[in-house]
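Participant: As they're listed, the protein sequences go chains A and B. Counting along the first sequence from 1, when you hit position 15 you're at 15 in my numbering, and nothing is skipped either side. Counting along the second sequence from 1, when you hit position 201 you're at 201 in my numbering, and nothing is skipped either side.
Rather than coming from a laboratory, the hints here were simulated on the basis of the structure. Check before you lean on any hint, since a few could be wrong.
Derived pair list, reagent style DSSO-like, types lysine-lysine, alpha-carbon separation capped at 27 Å [to be verified]: (1) A/291 with B/218; (2) B/535 with B/373; (3) B/373 with A/291.
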Amino acid sequence: MGLEASSSPSSLKPYAADDTCPMGTGGATKPEARFAILTRFHAGYFRISLALSGQALLWRTLSDSSTDPRPLARSLPSAAFLLLWSLALLALLALCALYAARCLLRFPAVRAEFRHHVAMNYLFAPWISWLLLLQSTPFLRPDAPLYHLLWWAFSLPILVLDVKIYGQWFTRGRKFLSMVANPASHITIIGNLVTARAAAKMGWHEAAVAIFSVGAAHYLVLFVTLYQRFLGSDSLPAMLRPVFFLFFAAPSMASLAWDAISSSFDTGCKMLFFLSLFLFASLVSRPTLFKRAMRRFSVAWWAYSFPLTVLALAAAEYAREVREAAANVLMLALAVLSVAVTLALMVFTALRTGDLLPHDDPFDCPLLAPPLVR
Amino acid sequence: MEEASASKHGAVPPLLAEVEVSNLPGFDVTPSPSPRPQPNPKRPSRPGVPPLDRLPRRSEVVLPPLDSPFQPPGFRSVQPHSISLPASPSAFGVPIPVAGAGAGDSQDLQRQATSNVAREPHRSPAQDKGGNGVGFEQPDKVKFRSQPIPGGQPARAGNRVGRGGGRAMNRDKSYDSFKTFSGKLERQLTHLAGASEAPEEEDSDDAIRAHRTTSMPKVDRFFAALEGPELDKLKSSENLVLPSDKTWPFLLRFPVSAFGICLGVSSQAILWNTIATSAQTTFLHVSTKVNLVLWCVSVALMCAITAVYALKVVFYLEAVRREYYHPIRVNFFFAPWIACLFLAIGVPPSVATELPSWLWYALMAPVLILELKIYGQWMSGGQRRLSKVANPSNHLSVVGNFVGALLGASMGLKEGPVFFFSVGLAHYSVLFVTLYQRLPTNETLPKELHPVFFLFVAAPSVASMAWAKITGEFGYGSRVAYFIAMFLYASLAVRINFFRGFRFSLAWWAYTFPMTGAAIASIRYSTEVGNSFTKALCVALSVIAVLTVAALFGTTLVHAFVLRNLFPNDISIAITERKMTPILELHESGCGDDDHSSRSSNDVEAQQK
């Protein structure tokens, strides 16, 4: 996450900075240089898994749409898809393991993350990635019992987090929405919508509508709050500007979820899709917004991929509904863009792994160890 | 000039004492230092003081009325004349700190400016209007601008050569800062048109222009300097960069809100068309000719206003840019396109029955581009974020989406109208919530009711009609939107008492189209749900809309021909970029005219290198 890269962590100190971390817990000083880096993986690193899982779903959808007139999409080799899916699975497993280690060894830091207005949203990210992988898995069918079980396993944490975080939005003083709202909050909404879509695909209609409505209601509130920009641009550090792409990820995901619920890409879905297209155009036509974040590679760059993938997915569904040449062109363009961006990110990661790895932990408790500022 | 210089060396040469007042070119240019006129009892003359100290000196300078002839030299501050301040700091014996400041130092530049000021038609021009660049080449000298001498040549520090006798010589340069490329375009046009111009003038202009950088007042400045629901009244502590006692050129006075007239009239055309063709109102026996006449009138008006504004864009680009940066006026940039959309919607059947699809795309493309810009500003925060600038005029930027959707759907397009409808709906909900909240950070919401509030009614009523056209029936969605519009209308109508005491402005025409829109939506609703109540409602609303427009038309005529102030000086675009510190002595000296023009920051920059 760009949280740490070159800005001092002070601007990102969690709101509850006054909470005291336990003094010198043995566990914190144990992981020396070797383990230290492993446990510095904060939740923002799950962007990578989000991106890869989203890509897997996109490839699956493109190759699945049998009514897709374009032969190119159908010829995506399934071997490549399997490779991608396995890569996504491995990445997710690795990140989950690292984060589990972090929970064990640096629990205060995890708690601090949970309190931070940007990082808390990324706690949804692993579950979203699991759900996306589940939806794109070639090994299970949606009506298999294991599928249902896995769905429950991945949705429960999301629902629990929902109750906690959304409840805070309007009840807990320091965590009022107007104070904590930032573009990363869209991830909470996306979590709901992905869950709803998965439920709809499994055939559980009522559950899908229920979860969708929770997501939609909070999306409305969040959308208005973010547009008002009560706090100005203070809510997000400049390095995290790629997270702005989430603005159009949420309506795209909503359109996909409603498409799954209503089994057809009706006017509501279209409206959501058009809204996300508009927001995409609006962001892309403001490159200066991202200039500062683009100076240096960081894990924040991975935030570009998932929204583009979701938009491409929505475009694919739209093109399937509206059999027009222009829609197909749009879908193809967006899909190509999404794949290209993800590939580029993978290349960057391979080339500049050093930049990607965490050099310090912005959520480190100050009493535990001095914050490592680069 | 030289004589003046020569006589000025020495300790504290009187400011105006030996200034050669004449029409010689370059007279005001490089004077030698004459800091202060001796007679100034208030301050010891100190040559080369930092500009701020010179501020008080302005009081001594009495500005001549514009048409006063030049005074012979030797007079003191009794008779104003040239206010040329010495350009060369070295002559003061003390290097002026700012001299080397260069173009970027606007702060100092301003201070310099204030000290130099004093001029009547003030010369902020071109050379730097608002700009920080200085371009003059008198190295390490501070250049001061001297005022244009009335009836004489605009003195310009530098190479003022006697200009040719054409009218160019007498061109008033005070508005150059607002002209396109600072007046260069105009000069070239007049040059092409045959007036003789001295070439040197172009050179110095070019030099200056080359370094000129435009700077616009930030949005905070607009809020700080202006007040009123349309942000068109200047606060008493503020000043303008243009002379407020003169009538500015017509183009400068022509605001973009004039397009509101087109909005008002074209929506009336649609209303009369609807009345004439709707089943519920046939009992009124309105003929379709009314629609035809109104439509032709609105087309004519549209062409006329577009032509005038196009001229303004060509000749006064800076002024147009300032209007664009004004937080309220920017919304009126949507008005021409919305008016065109109305014209297309209300086209009488006798003129055209089918409109080509490319017309819709052509009309919506500018709307889309403007929207991307303006909604993006809302979203990305910064100065122009919504919580700060939200005001009822923002409805104009949202309504365009719904009008476009309505037109597209009536032309038979499918996806495009839904696109704009969804974008409009999303942003309308944001705007609606924000305006209802009346956030404390919001500075533009008027405390009192003003006709601009009627814009609240516009979006839901047009949205209901658009949705009805898109879905082909007046279903629940349309009804919900329609009822919201009716509620807002009623809620404003019962407070009609509070709409008092406002100065008429052309923008009021833009506020009539919501009433017309509500009337049209009511007629549409009454065709669905036809009972006597809805019939009465639609007739009542139509009557109100027509009467309002008629009254407004009458008021406009009165202002145009009787009071002759239909186009007052457009002060909202002429605010200074920075608030200048008030100069107390000014008032004491009794020079009433100084304050407004002098203090603008903009002329300063021109002078510094």
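Participant: Among the hints numbered above, which are violated by the structure, and what are their numbers in rising order?
Facilitator: 2
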